[in-house]
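S.K.: As a plain string of letters, each chain reads:
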Amino acid sequence: MNKKRWKDIPLARKVMLAVGSIMTMMLAINVILYGQVNKTIKRMDTVYSSNVNLTELSDSLQRVQEDLYAYLSVKSSDSLESYYRSKQNYVNLLDKLSSQISSNPSRLLEKNIKSMSETYASITEEAVTAKRSRNVEKYKELYDQSRKLYGYINFYINELNSQQFRNNSSSYQTLREMLEYLEISSLVLMVLMMGLGAMMLFGITKGMIEPLTNLAETANLVGKGNFNVKMPRTDALDEVGIVTRAFNTMVESLEEYIIRTKESMEKEQQMMEKELLMENHLKEAQLKYLQSQINPHFLFNSLNAGAQLAMMEDAEKTCIFVEKMADFFRYNVKKGLEDASLEEELTAVDNYIYILNVRFAGDIHFTKAVDESLMDCRIPSMILQPIVENAVNHGIRNIDWEGKILLEITGAANQILIRIKDNGKGMSQERIREVLSGNSGEAEEQSDSTGVGMNNVISRLELYYDQKNLVEINSPGVNMGTEIILRLPRTGGKK
Amino acid sequence: MKKSENKGIGLLLLGIFIVGFFLFFTNNFYKSVWKKSGLEKAEEIRNYDRQYEMIVGSGKSEFWQAVYESARKTAEEHDAYVEFHASDMETGYDEIDYMEISIASGVDGIILEYNGEDALKNEIDKAEAAGIPVITIMNDAPDSRRQSFVGVNDYQMGQAYGEQIVRLLDENTKRILILLDSEKGDLEKNQLYSQISNAVLSQNNTEGIEIRAENLAPENKFDIEEAIRMIFQSPEGPPQILVCMDEMTTECAYQAMIDYNMVGEVKIIGYYISETIRSAVEKGLISVTCTLDAEGMGKDCVDALWELKQEGRANSYYNAELEFLGKEDLRKARKAVSAETAEEEE
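Residue numbers (the numbering used here), protein chains in the order written: chain A, 1 to 495; chain B, 1001 to 1346.
In short, the hints are calculated from the structure, not lab data. Note that the Cβ used here is the ideal one computed from N, Cα and C, for glycine as well. It is possible that part of the hints are untrue.
Derived lysine-lysine pairs resembling BS3-like cross-links, with alpha carbons at most 27 Å apart [stated by the list, open to error]:
#1 A:Lys334 to A:Lys324
#2 B:Lys1073 to B:Lys1060
#3 A:Lys140 to B:Lys1060
#4 B:Lys1060 to B:Lys1121
#5 B:Lys1283 to B:Lys1174
#6 B:Lys1327 to B:Lys1121
#7 A:Lys148 to B:Lys1031
#8 A:Lys42 to B:Lys1031
#9 B:Lys1174 to B:Lys1327
#10 A:Lys75 to A:Lys148
#11 A:Lys138 to B:Lys1121
#12 A:Lys39 to B:Lys1031
#13 A:Lys274 to A:Lys334
#14 A:Lys148 to A:Lys138
#15 A:Lys96 to A:Lys42
#16 B:Lys1335 to B:Lys1283
#17 B:Lys1299 to B:Lys1126
#18 A:Lys230 to A:Lys14
#19 A:Lys468 to A:Lys421
#20 A:Lys138 to B:Lys1126
#21 A:Lys148 to B:Lys1126
#22 A:Lys96 to A:Lys148
#23 A:Lys262 to A:Lys230
#24 A:Lys140 to B:Lys1126
Not the full set, but computed from the structure, chain A residues with beta-carbon under 7 Å of chain B [unchecked claim]:
#25 Gln100
#26 Ile101
#27 Ser102
#28 Asn112
#29 Leu189
#30 Leu192
#31 Leu196
Bound conformation, chain A alone (with noise of 0.2 Å):
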């Protein structure tokens, strides 16, 4: 993969490489065309500039012709120097005439002027020289000969002349075609270049904008909630690839989210069902136990004082008889929302029993076995009287013999398993199941109880360890006792 693809370019950089590449094209060709216009353009300038040229010859010419003319006249001094120095600008400038004999004419005219010229020079030299000598003769007759060269010098100049403007307007005649050719083909180019680049740049922004067009209506489908619609896999590095890839990762994890959303939001619905039914219930357990007490204060304090009476009448039993009553009413009431130790439970129990048998002359026999590091664990309240109550209730009263019930607290690992088995009339399966499933329509039938029935109990516990099967109910069958089991997840206490 070290070969960088188009693809894998960002974008900043394809649409610089894009505009760059079309204005390198652009800038060369406009360099090339501007090359062959100036190159042009500097022809046709040394076209004329040859003309100026001999045109600045033939002037010299008639200068030094003009300052002989004068010397020899006039004899002065001034005139002498003035031909000399017209003289020797006009070699100089025949410096720059061909000498060839050549077949081409103007070259031929320019070596014919320049010998011709050196003759005249030479004659002008020896007119000057004659005068100085006073040779008036010959002075005269050389200046007539210098005449006469200059009149031929001078036409071959003009025919020079003329024949170079001939050529010259010939070039310059092409010159000014190619010069007509360079801008059309120039406009030529550059409309085609122009095309070429609106092409370029229309195909490159269309492959950048296409998949964020796509991006886009695909993002609107998302919006409306379909999340299986999804971007085609790409493997381009550049941004447009980078946020194609985000965006299905988003689209992906959205989909998650929104599903995890969905279970957690079923999940608290589920408990705040809970919450709610386990609230009924305890508010039906309170409600029952409430309408049976017309007001619990009145009533305990009504109780501690018949507590105070019989202390002061020194019945003592009947006194501890009251406190008992007192604090097994006071427990329900103060529990009735909250959880409670296991010991607070058994005390619940154990007031109950008592009571039990000062109404019951002492028929319930209730023994415990109960391991001592359980009593810190919490579990809800009022759970173990209600069972200890349906087993007197429904296990061993009216029977002929002797009622036993025995209350069993063991620890596992995580458990707390509860046994309260009685000896008395048993249960059948299918009152067991209808115990147990909460159809046993026990309400109508309670006359004698503290409120709280099995029911309630089972839900409560279910409820509160959101667990199922927390109670098991055995019976061997009729008159052979009751045996009911809690397993419950062991909460708080000392392990």
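Starting from the structure of chain A, add chain B where the hints point.
M.R.: This is chain B only, laid out in the frame that chain A set:
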């Protein structure tokens, strides 16, 4: 995605190719035009070591053009260039002017058609004094310091013309007019004239034939035409035999003969063989025409100059071949030429 990318690259390459091609095309075209517009056509220019001048009277005549062409080609072999000047050109300069120009230009040799002027003789001497050899062509300047003469001498020429005139003589021949060109000097001393008249008069039955020579000294180029028309319009009528001594005169006489409807009455002895003259001779309208070997003359001039340069001396006289061509000769020549070309084509 891949497909469109490839398509894009293809399009891009195509575009670049088109632009590149166009650019290449433009550049090539530009270069070719550039070459064409060049001020110097380098491949056609040649530089030479020596410069010769050729100064003649009639620059437009085909004869002189042929002579010049031959001289130029010969000179090229000797690394020399021949410049051509004619006094009838638009410059307004005459032979003397061109001589002076040539001398002042310090050329390496001059080929001059002498026109009989004394002043021109002085120029010849001046050139020789300046170390420039002068070769006279066609007409000699015997008492000048010229190095050589290339041409026919008048004696020879007069005899040859005489022969041709004799052939054309018949009972109707009353008058013979010889139109000498202006370059010939004094008529009385003219060898040409005397040779012609001798040749004619030595024949039998030639008493009473008037032989006259006329010098057509043209002030300008229309003079010849006018003079010839005058001859045809003269009260006694045109001569029966008209001898022309140059190309222009021949053509004018031929034209006048047709215009005045005198074909058959006037017999023309022409000079040189231009296209007009050639067709006239082939049709029998001009009896015979005299030709000089133009190529040979041009070559001889340059060879003479070359010998002078190489060996310091040259022949003082190069004879030019003289030939009279009649109808039959030209037809034969034409057949030979067409046969040759046919062969070549095969």
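S.K.: Against each hint, give a clear statement of whether it holds in the structure.
M.R.: These are the hints, each one checked on the structure:
no.: 1; hint: A:Lys334 to A:Lys324; in the structure: holds (15 Å)
no.: 2; hint: B:Lys1073 to B:Lys1060; in the structure: holds (19 Å)
no.: 3; hint: A:Lys140 to B:Lys1060; in the structure: violated (38 Å)
no.: 4; hint: B:Lys1060 to B:Lys1121; in the structure: holds (24 Å)
no.: 5; hint: B:Lys1283 to B:Lys1174; in the structure: holds (25 Å)
no.: 6; hint: B:Lys1327 to B:Lys1121; in the structure: violated (40 Å)
no.: 7; hint: A:Lys148 to B:Lys1031; in the structure: violated (46 Å)
no.: 8; hint: A:Lys42 to B:Lys1031; in the structure: holds (15 Å)
no.: 9; hint: B:Lys1174 to B:Lys1327; in the structure: holds (24 Å)
no.: 10; hint: A:Lys75 to A:Lys148; in the structure: holds (22 Å)
no.: 11; hint: A:Lys138 to B:Lys1121; in the structure: holds (22 Å)
no.: 12; hint: A:Lys39 to B:Lys1031; in the structure: holds (11 Å)
no.: 13; hint: A:Lys274 to A:Lys334; in the structure: holds (23 Å)
no.: 14; hint: A:Lys148 to A:Lys138; in the structure: holds (15 Å)
no.: 15; hint: A:Lys96 to A:Lys42; in the structure: holds (20 Å)
no.: 16; hint: B:Lys1335 to B:Lys1283; in the structure: holds (15 Å)
no.: 17; hint: B:Lys1299 to B:Lys1126; in the structure: holds (25 Å)
no.: 18; hint: A:Lys230 to A:Lys14; in the structure: holds (26 Å)
no.: 19; hint: A:Lys468 to A:Lys421; in the structure: holds (21 Å)
no.: 20; hint: A:Lys138 to B:Lys1126; in the structure: holds (17 Å)
no.: 21; hint: A:Lys148 to B:Lys1126; in the structure: holds (15 Å)
no.: 22; hint: A:Lys96 to A:Lys148; in the structure: holds (24 Å)
no.: 23; hint: A:Lys262 to A:Lys230; in the structure: holds (22 Å)
no.: 24; hint: A:Lys140 to B:Lys1126; in the structure: holds (19 Å)
no.: 25; hint: Gln100; in the structure: holds (5 Å)
no.: 26; hint: Ile101; in the structure: holds (4 Å)
no.: 27; hint: Ser102; in the structure: holds (5 Å)
no.: 28; hint: Asn112; in the structure: holds (5 Å)
no.: 29; hint: Leu189; in the structure: holds (6 Å)
no.: 30; hint: Leu192; in the structure: holds (6 Å)
no.: 31; hint: Leu196; in the structure: holds (4 Å)
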